[in-house]
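One-letter residues, chain by chain:
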Amino acid sequence: MKKVIYKSSGFIIALTYFIGVMIFGEAHPFCKFSMYSSFADYSYVFYFTDNENKMIKCTDLNTTGTNLAHMYTTICEKNDFKHGHGMESDSVLHEIGKQMLNIIRINNLKLTHNNKKVKINRMYFYYEGKDIKCKKQEMYETIFK
Amino acid sequence: MNSFLKNNSYSKLEWTLMKSSFSLIWLLSFLLIISRYNYAPTPESIFKLLPGGFYLCFNAKIFLLITNLLLIYFYIIEKHIWWSLMGLSLISLFAFSLEDSNSDFNRNTMITGVFFAQFIAYSIKKKYIDFDVDKYRIQFSVQLISISYTISAIAKLNTSGLKWITDGLLMPLQIMKTNYFGFVNDGNLEHITNANHIINLVDKYSLGVMFVLAFTLIIELFAVISIINKKYAFVYGLLLVFMHIGFYLVLDVAIAGTYIPMLIFMINPVFIFWIILKALKNYLITALGSNGKANTF
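Here the protein sequences line up with chains U and H, keeping their order.
Numbers 1 to 145, taken from this note's numbering, label the letters of the first sequence in order.
Numbers 1 to 297, taken from this note's numbering, label the letters of the second sequence in order.
What the hints contain is simulated information worked out from the structure, not anything from laboratory work.
One should not assume that every hint holds.
Stated by the list, open to error - Here are the simulated PhoX-like pairs of lysine-lysine, each with C-alpha atoms no more than 25 Å apart in a straight line:
no., chain 1, residue 1, chain 2, residue 2
1, H, Lys163, U, Lys130
2, U, Lys7, H, Lys135
3, H, Lys135, U, Lys3
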């Protein structure tokens, strides 16, 4: 056993981690690092607005734009919603927005946005010919209690 | 500088500086997570194993913080290190799983992975007393970091194949997205100005973009050769730094959980800084000494 460990010590961790990733996929501490493994021909950005339609910075709600994008994908996958290329119907967007704001709300119970209206919106970027177009859609609004 | 690379072993100072920098990054990440998250609304990793809901109360956070600080202290002063590393690995696993369970995927796998890798090195040392733990506690960390980059390249080839390089021409949409992420975070319009500027450059130099992407893919794919020895790790670390700078400039993306452990264990910038300071000090002493002699004459 000692001989095996000593002989393989130069690569054993790399090999074990590689096998772990093959078996467990995306489960911390294993990761496929699949971000940017493809360049999609569309992209989504999510943002918050208040009752006057002014943007609320993500940092004010303890989150980030990247976090919201990941949250969107996670919710779609957990609910088996088909997503991407702007294919989501208004009702699906409404449901996803509701779940996203619920997640944001539970980690913001003590923040200043209590009792304030918060709306989540989506920007959908896509190509029309050679031009990049942007479609803005409201998803869901709620009052943080 | 050259001798530090020629020698395939690591000094106590190198290890201490690595540990200290790494502990600082870990502590900051930990504080950020426990200040942000109380629940695990979209369970991932170990949180998938927990039945029912999860709530991290204030007292539990304080307990975790004190335990973490104690473990970091023992880790740095190299006391009860086996226990410290086991504790740090588990707390790191818990904290980053909590982060993932809030759909906040910051790819901090390397931090937990490095703690586990070092824990394994000390576990082997515990069983076999002549095991070269001074070398392998760092080399194991380098193994974990370098294989992660290779896995990332394999994911690209698996998903897109070599088309990943030509698909890069769709990058403007990603540039738009990542820069808008910056804008929605802090409301700074400069992110959007930056996006338009970079998109114009990408459109203008599309061949150059494909070349850079091919270079990125090759660097990532062969990152695992960093495990050969310390010199390979250092040189490869520099290549990876260039890659990360490119990613940051073009996509406005800096994945701290990836590039910081790489910097610490493959390049060890604090140690390099210390070598430079030492060389500068020696140079000044020599220069002032010879000046002194000249004055005497």
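Hint-by-hint comparison with the structure:
no.: 1; hint: H:Lys163 to U:Lys130; result: 20 Å, holds
no.: 2; hint: U:Lys7 to H:Lys135; result: 14 Å, holds
no.: 3; hint: H:Lys135 to U:Lys3; result: 17 Å, holds
In this structure, none of the earlier numbered hints is contradicted; all agree with it.
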